[in-house]
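Taking the hints as your guide, dock the two standalone chains into a single complex.
The chain contents come next:
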Amino acid sequence: MKPILRATALGRRFPAGEGVWALKKVDLEVAQGEFVLVAGPSGCGKTTLLNLLGGLDRPTRGDVELKGTAFSKLDESGLARIRRRELGFVFQFFNLLADLTAEENVSLPMRMIGLSKAEIALRTASLLEAVGMSYRAKHTPFELSGGEQQRVAVARSLANNPLIILADEPTGNLDSKNGLDIMELFRRFNQEKKQTFVVVSHDPGFAEYADRVVRMHDGVVTTIERKGG
Amino acid sequence: MVFFRMALRNVTRNWNRTGMIIISMAVASAIMTLTLALSTGYAEGVSRVWRQMVGADIIIYPNRFVFAGSGDPGTAWEWRRLSPDLPTDAVGFHPDLAQGYLAPADAPPPVFDLQNLPPALAAMTGAGGGLQVEAAQLLPAYIVRETAQGKVRLPITLRGRNVQADIDKRSIPETAMMGGSYFRPAQDGFWVAITNGAAFAAEGIRPGDKLVVEVPTIRGYDAEGRPVTDYANPQTFYFMVYGQFGLEWGQVRLEDPAGLLERSAVAPTQTVFLDQPEVWVPAATFAKVFEAVAGGPQRYTGQLAITLDSMAEAKTVAQTLAAQLPDCAVLTVPQEVSLSGLNYRARLTSLDPFTVTITHFHYARPTLALDVKDQLAALAFVVAGFLVVANMYILVTQRRREIGVLKALGAASRDILALFLTETLGYSLAGSLLGFLTVRLITLASIFASSASLVEGALLTLQTAGAVVGLTVGISLVFGFLPAWEAARTPSASLLGDA
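Chains U and A are the protein sequences, given in the same order. Just so you know, we're using my numbering here: the first sequence kicks off at 111 and counts up by one. Just so you know, we're using my numbering here: the second sequence kicks off at 10 and counts up by one.
Next comes chain A alone, as it looks inside the complex (with noise of 0.2 Å):
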């Protein structure tokens, strides 16, 4: 009990040194704090990029999905290309587009019907909800443009967006991959369009440009809500080319062992999906091109999107919904993320005998962060940890003169690891707690302010605590322990001639 409360007071006494390596611990605290937020929160460069492509936190598609969901997306998910029987969405929209999607092989091909949306979604975005929903807004249309060579229709996406949103949470002004152009909320419902710069880069597509859109009429829905398009009797419309954007995903290698791909018109490379022709107008302007076309207003769609403001929200919304919707794919941002990062082999059916392999995913941010996020993690915590590490050296090694005075007094070894092991014990949890407590009451304001759970922040903040605190104290004490076990059996003559 002695050496316990001459630990105490060590601790109160000396209050340069004390505070010292307190504060050392509380930034070590904070880095691992930090790096354990990126690696179980959102990444801000992946989340942003993949809101931008997504238009949302939680995407929910009628069981079909160009990511793998729950299962072995070796064996259950099939490459599918479009067809016009295919309703569209916003992953492979376009049949005169040779893109296709990944979907479970018995997937059934249903749609959202807006006005009669399944019941734990109108309940969700009810009176009691709260939740805003949004169908994707997609068209299949065609380029018009006039060459030397005569009239040539380009089959593109018309996707609406919805600018506002995207700029209150998606930070799509900001990010590089826009290269500074997008619209203004002013703009919205005006005829503008930007462009998937890479996709129309051969087509000599730039800002400035005049735009001459077909889009194919809707000449009703089936029983099914899929739409009946009529590709023969398209409206035309016409935008001002006012930026171009770039969302480059992924690419998808054919295994072609018979060689076949030689003789076929498939690149052996292809990228999924993001550099496929898309052009963007604002959602004002995308709801009086579909009026056009379609009499009325739209009323199904394949995707729907819910965004939020917190990691924490998002997951207990996605929990909540996957439980009550098992027939659709419900995913955040995050999943996507981490689903993004994993190979996927699936059968490429239309195209027998070829096997399609996504073999990489790359584009700045989303591969950047997706790459190193781990390394990163491990070198902060390396980092932090080596703080600590040398705290703790110095702690010891800079007292062994007074471990030598107290050897020389009587005390045992034991007495010396009591002291020294309880003065690490309150610096690091001291240090750790202030540390954790500083960086995370920022982001429990976040969570908080933005009408989270509760339960789920109060749980994340736990377990993040349990892991810097632990982490902390249990480096602190392993250090400790050993240059202070080392000076304890030392005899105290050297211990005093040393110091």
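Chain U extracted, bound-state conformation (with noise of 0.2 Å):
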């Protein structure tokens, strides 16, 4: 299958002290519809290799290409309209905007591409249905659980219908039923609407959700694991 997102080499230096290789030399590509988890002990890189995916950091060496659009041809932008359109984020602390409503928050990215008022609460209203927080619509951050508000944050995270959506140790900060719970709407919007994920975790036990397992140590990539072999 085609690769929509392909990194080529990818390394990140960081200039603490006498510089840091958080990431050395990464090879990745990941295919329409595929689920792919990233999975390795902290401080592995693989935070850093997300963020340089979806655009929110620049790499020192090395390049991303989303459906053939390569990330290093692209001013800050460029990459804020990929962001925009393309890609989609769910962070470990969630990142709701604490001063708006669940709905607010996800229909946010509706609005910064400027669709109408209509078809922005169609969508807002079936997202939240999706992930089961119609109930939660009116309420801001402080007032839902954190398992609620993830599940906003995928909700936020499909808004525009982007192609990837980039999951940063989604269930980190959740108890344990409330991470499996997220991980089954991971898994039902992958099978279901196709949706491609690229999901970061070090929990061994999410490997069965995923297509493929990226294992990661020291800033390389060590094995990878497709399912069934």
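In short, the hints are calculated from the structure, not lab data. Don't be surprised by glycine CBs; every beta carbon is placed ideally from N, CA and C. It is possible that some hints are incorrect.
[As the list claims (entries may be wrong)] Here's a subset of chain U near chain A, in silico, CB distances under 10 Å, partners left out: (1) N161; (2) R168; (3) S182; (4) E186; (5) F201; (6) E214.
[As the list claims (entries may be wrong)] Label pairs and their in silico Cβ distance ranges: (7) A/T21 <-> U/D137: 48 to 54 Å; (8) A/R14 <-> U/K303: 26 to 32 Å; (9) A/T21 <-> U/N271: 51 to 57 Å; (10) U/L232 <-> A/A467: 52 to 58 Å; (11) A/V392 <-> U/S182: 46 to 52 Å; (12) U/E302 <-> A/T406: 39 to 45 Å; (13) U/E302 <-> A/M29: 44 to 50 Å; (14) A/M29 <-> U/R336: 54 to 60 Å; (15) A/L471 <-> U/E229: 56 to 62 Å; (16) A/V487 <-> U/H327: 35 to 41 Å; (17) U/H327 <-> A/S503: 23 to 29 Å; (18) U/E302 <-> A/L491: 43 to 49 Å; (19) A/T447 <-> U/E229: 44 to 50 Å.
Right, dumping it as structure tokens:
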């Protein structure tokens, strides 16, 4: 299957002290509809990789291509446009905007791309329904539990029908039941909507949800395991 | 538009944050408003002392004055010693006192005829005008002292004070400079006096002393209204020294390149006039003395004074009078305060070749206010500015995670700037208006209560509003922009990681 996301010789060095290569040299391809789990111990470079794949950070070397568009060729506003239209993010700490209600958080990406009010209302209701949060639509994040906040964050990440959803430790701040619920949600969107996911987690139990498990250590990919083989 | 609307929603949703920021902004703009008021309106200490000294808010002199008027005082004004040929006024009065005053070289020596005031003044003080004009109450006199060396006659100026006006308008009883000793209204017409403590210290005149005062007779007035004073035939009056005052003001240094001063009796440094020997008596007491020595009420004066309730009103009246009385020097108290802060050069014509330079001005309140007013204003502005800067810095830096999230969702740098600058604009506008209005409404109430010109009051208010709101908003936008710009250019990963 033709990849929609490709990382080539990706490296990221942080300038602390004499410089630390958080990511040394990673090559990775993600195909349409694939569910990729990036696993490994803390500090192995998983989050750095995800940030580079999502254009949240610039690599020291190498490049990322999304549907043939190299990130290195884009300026800040070009990257912002990619993030707005083609990517969805789910974070460990949810990162909902505190002053907005659940439905306003979900509708924000749609308002950024200028959808009509009617369409925004329809899609927001549909997404909240899909993640089981319709009954909390008017609540602010402070009034939601961690699991509920993450459900809203998932709905927000899906708002603009992105090509890929990048999730960084989405269950890291949840109890095991809520963690499983979120992973089930991902699997459902992956299987029913053919939504592509790249999920970072250090929890080995989530390997069963993924089509591929990319294992990392010390800034490099050590193994890539495919489901069923 | 999304981010503009989001900014407005942020301002109206998070009332804890909004309230704190707006209150801080309001405090900053209130400080600025008060500081501007200090600069443009009456400075409390200055006006109090100067009102004591000159006795009014507007002083009208017939084109001669101790301070410079318009034009270049260095060339157009002269230092004149008093002589019996010159009329009396508030500045330098007594022919036997070695005092002088600054005046234009070609200044005529007219006086005001209280029964025939210039038309412009008459209109203002008539039934339609309603202004109360007071003549300076001044007479040359002598204190007679019996000493071991025999009878000594000390030349003095006898000055009448309107006790009730001083208490009502000039806050005299409260000032430390008066030493807490001033007339009571009930003493008006009684034979009590207060003396310039500094001037009479060497003479040992103290409260409780009996004062013997000789006042020369006024035989009449010449064609120009100048008094014809008979110094040889004084009348004697007895006063009880009730208290002392001190109104020392400034000094004159005589530059003496030829070293001539050493052979003269002139001290190289002289106090200009406020420690000259003055004895103050209540206005009704002065009127009794005047009637006794002149055979009738006072008709002529070299100085008229108008006391008003507000700076705005004083400015309007002074401008009108100055336009209509071109031969007169019309000054308001703040103008005098302002002028007195300058150094003037003048020729000492009667003691050539000495050059007189008024070098500095001193004494407690006026000097304090004059010297530090600008620094105080600048400091207050800096403090207020830092309050605004700190607010903006905290507003933006505490929301770096939010900026990171917005960038992750696809917001561009300009969107982040639009969001934060709109919020900043909202906060600073609301805060500065709140602070300004809170302070200014009190001022407006006093301006309107004093029947000042509404237009003048409104203009002053608009000027101050423009400065305060403009500055607060300007500083806010600059110091909201800088951290927002920095954050907007920082990669989302860093913002989310930092926060």
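Hint-by-hint comparison with the structure:
1. Because the smallest distance between the Cβ of U/N161 and any Cβ of chain A comes to about 4 Å, under 10 Å, the interface hint for this residue holds.
2. The beta carbon of U/R168 is positioned within 10 Å of a beta carbon in chain A (closest approach about 7 Å), and the interface hint is therefore held.
3. Checking U/S182 against chain A: minimum C-beta separation of about 14 Å lies over 10 Å; hint violated.
4. For U/E186, the suggested interface contact is upheld, since its CB lies about 6 Å from the closest CB of chain A, less than 10 Å.
5. Taking 10 Å as the C-beta cut-off, the interface hint given for U/F201 holds, the closest approach to chain A being about 7 Å.
6. With its C-beta approaching chain A no nearer than about 8 Å, U/E214 sits inside the 10 Å limit, and its interface hint holds.
7. A/T21 and U/D137 have their C-beta atoms about 49 Å apart, which keeps the hinted 48 to 54 Å range intact.
8. Between A/R14 and U/K303 the Cβ separation comes to about 30 Å, which falls inside the hinted range of 26 to 32 Å.
9. Look at A/T21 against U/N271: about 31 Å separates their beta carbons, and that is not inside 51 to 57 Å.
10. The hinted range of 52 to 58 Å is satisfied by U/L232 and A/A467, whose Cβ atoms lie roughly 54 Å apart.
11. Our hint of 46 to 52 Å for A/V392 and U/S182 holds, since their Cβ atoms are close to 48 Å apart.
12. Evaluation of the 39 to 45 Å hint for U/E302 and A/T406 yields a pass: the beta carbon distance comes to about 42 Å.
13. Separation of U/E302 from A/M29 is about 47 Å and conforms to the stated range, judged on CB atoms against 44 to 50 Å.
14. As the Cβ distance of A/M29 to U/R336 is approximately 55 Å, the hint placing it in 54 to 60 Å holds.
15. About 48 Å separates the C-beta atoms of A/L471 and U/E229, a value inconsistent with the hinted range of 56 to 62 Å.
16. A beta carbon spacing of about 48 Å between A/V487 and U/H327 contradicts the range 35 to 41 Å that was offered as a hint.
17. For U/H327 and A/S503, the Cβ-Cβ distance of about 24 Å falls inside the hinted range of 23 to 29 Å, so the restraint holds.
18. As the Cβ distance of U/E302 to A/L491 is approximately 48 Å, the hint placing it in 43 to 49 Å holds.
19. Taken as a hint, the range 44 to 50 Å holds for the pair A/T447 and U/E229, whose Cβ atoms sit roughly 46 Å apart.
Hints 3, 9, 15, 16, counting from the list given before, are not met by this structure.
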